[in-house]
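A.B. asks: Sequence:
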Amino acid sequence: HRCNDFGMEEQKFLTDGVITGYGTIDGRKVMVFSQDFTIFGGSLSETFAQKICKVMDMALKLGIPVIGLNDSGGARIQEGVVSLAGYADIFLKNTMASGVIPQISAVLGPCAGGAVYSPAITDFIFMAKGTSHMFVTGPNVVKTVTHENVTMEDLGGASAHGEKSGVAHFTCENEVEVLQNIRKLLSYIPLNNLDEVPFYTESPEPISTDLDTIIPENPNKPYDMHNVIEGIVDGDSFFEVHAEYAQNIIVGFSRIGGHSIGVVANQPAHLAGVLDIDSSIKAARFVRFCDAFNIPLVTFEDVPGFLPGTDQEWRGIIKHGAKLLYAFAEATVPKLTVITRKAYGGAYDVMSSKHIGGDINLAWPTAEIAVMGPKGAVEIVWKKELANADNPEEKMEELQNNYRAKFANPYVAAERGYIDDVIHPHETRGRLISGLELLATKVSSNPKKKHGNIPL
11 HRCNDFGMEE QKFLTDGVIT GYGTIDGRKV MVFSQDFTIF GGSLSETFAQ
61 KICKVMDMAL KLGIPVIGLN DSGGARIQEG VVSLAGYADI FLKNTMASGV
111 IPQISAVLGP CAGGAVYSPA ITDFIFMAKG TSHMFVTGPN VVKTVTHENV
161 TMEDLGGASA HGEKSGVAHF TCENEVEVLQ NIRKLLSYIP LNNLDEVPFY
211 TESPEPISTD LDTIIPENPN KPYDMHNVIE GIVDGDSFFE VHAEYAQNII
261 VGFSRIGGHS IGVVANQPAH LAGVLDIDSS IKAARFVRFC DAFNIPLVTF
311 EDVPGFLPGT DQEWRGIIKH GAKLLYAFAE ATVPKLTVIT RKAYGGAYDV
361 MSSKHIGGDI NLAWPTAEIA VMGPKGAVEI VWKKELANAD NPEEKMEELQ
411 NNYRAKFANP YVAAERGYID DVIHPHETRG RLISGLELLA TKVSSNPKKK
461 HGNIPL
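Reminder that position 365 of the sequence shown reads as 375 in the working numbering, one-by-one numbering, no gaps.
Just so you know, not all the hints are guaranteed correct.
[Claimed, not checked] In silico EDC-like links for lysine to aspartate or glutamate, alpha-carbon gap of 16 angstroms or less:
no.	residue 1	residue 2
1	K39	D67
2	K364	E425
3	K71	E185
4	K394	E404
5	K364	D431
6	K139	E185
7	K459	E340
For the record, the hints were derived by calculation from the structure and aren't laboratory data.
Given these sequences and hints, build the entire structure.
C.D. replies: Okay, here's the thing in structure tokens:
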């Protein structure tokens, strides 16, 4: 460091609290910086920041991922505004590198105040239970300002950010698992935005699942979409992102026929797979990452619509739901969609439909593509008939069956060209592999612009 105040001139240590370098993971180069809490509590100085910026510059120059291991007490108070300037320099580098090289953050200790915004800008954040803590203001400040008593773990621990805030993309049992999962993540993604997506010549058979019987006869009965995904992708290749957050939608990386893909799927086993604010934001960010790094998107759709209610409306479901619509519409990577059951209303449009640029859109025979579900439609369209019926319940059942036969099926959409084919579930894997091979040479671009104005 270069600080000569507060007796700091007598306290100088090698590295100044951050270790920087490069290495390989499975033969692929990466740049790494690791904050060292044993030196000045890992606090950030002018020199500390310059070292990180140099690592990021080198990563950009070489077109390779940068991994940051965060374990810091924050800004070095003795250096005053110089340390704050150092943070801002890092934030700028993070922003310039976004969408060019993968940026991965591991929080392995405290990360507080302004320090949190560098990991926040990066693509993925890993946290370890019990040792990782992230917050803008700590428990003492929270108590002073709001009179809330809260522990570091409850305020900013791995579980808090993995389940409640969605800040952490991966929560791990310990630091060793964090490092193992970072290595695993890198196996699915390219080195940079111009690099080829990893392809594996080995493609193990999927986990044995009888896809033809997985959809319940009762359209309101849930099932686990994980079983559908694992019954189609290469065996043991699905790597879920944000597994504990907004569980009504599933996102993650996988491989099918050796091709790396990004998976987006509604989860009928949680809130019936409905889209809400959190799930829309979660999926939109994932879709944009995949698009930035040319990773094909495969969407499994079973969505009854957007979650109704004053809470969702007042918190902005309109603008937040539009984020996912925008992300899918903007994406130029190969986009393949499989409708397994429900595809109702605007949510059908949002989930990578043909209308917003889906390349290959398939449906199972169990698919119901309609403005709304049979019950709601019948109550609106045949309101008078129901009111005048001698047996309203029997009439409701009859009209619902008529509605399903005429509207709530995949064939009307297929006749219009909105669905490319109605296939048996067991055919899905083969059709997706052939679709990915077909779309491997896809060239698509959006109109030239500085950038779009996504509804943030």
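A.B. asks: State for each hint whether it applies.
C.D. replies: Structure-based check of each hint:
no., hint, in the structure
1, K39 to D67, "holds (15 angstroms)"
2, K364 to E425, "holds (13 angstroms)"
3, K71 to E185, "violated (29 angstroms)"
4, K394 to E404, "holds (15 angstroms)"
5, K364 to D431, "holds (12 angstroms)"
6, K139 to E185, "holds (8 angstroms)"
7, K459 to E340, "holds (12 angstroms)"
Going down the numbered hints, you'll see the structure goes against just number 3.
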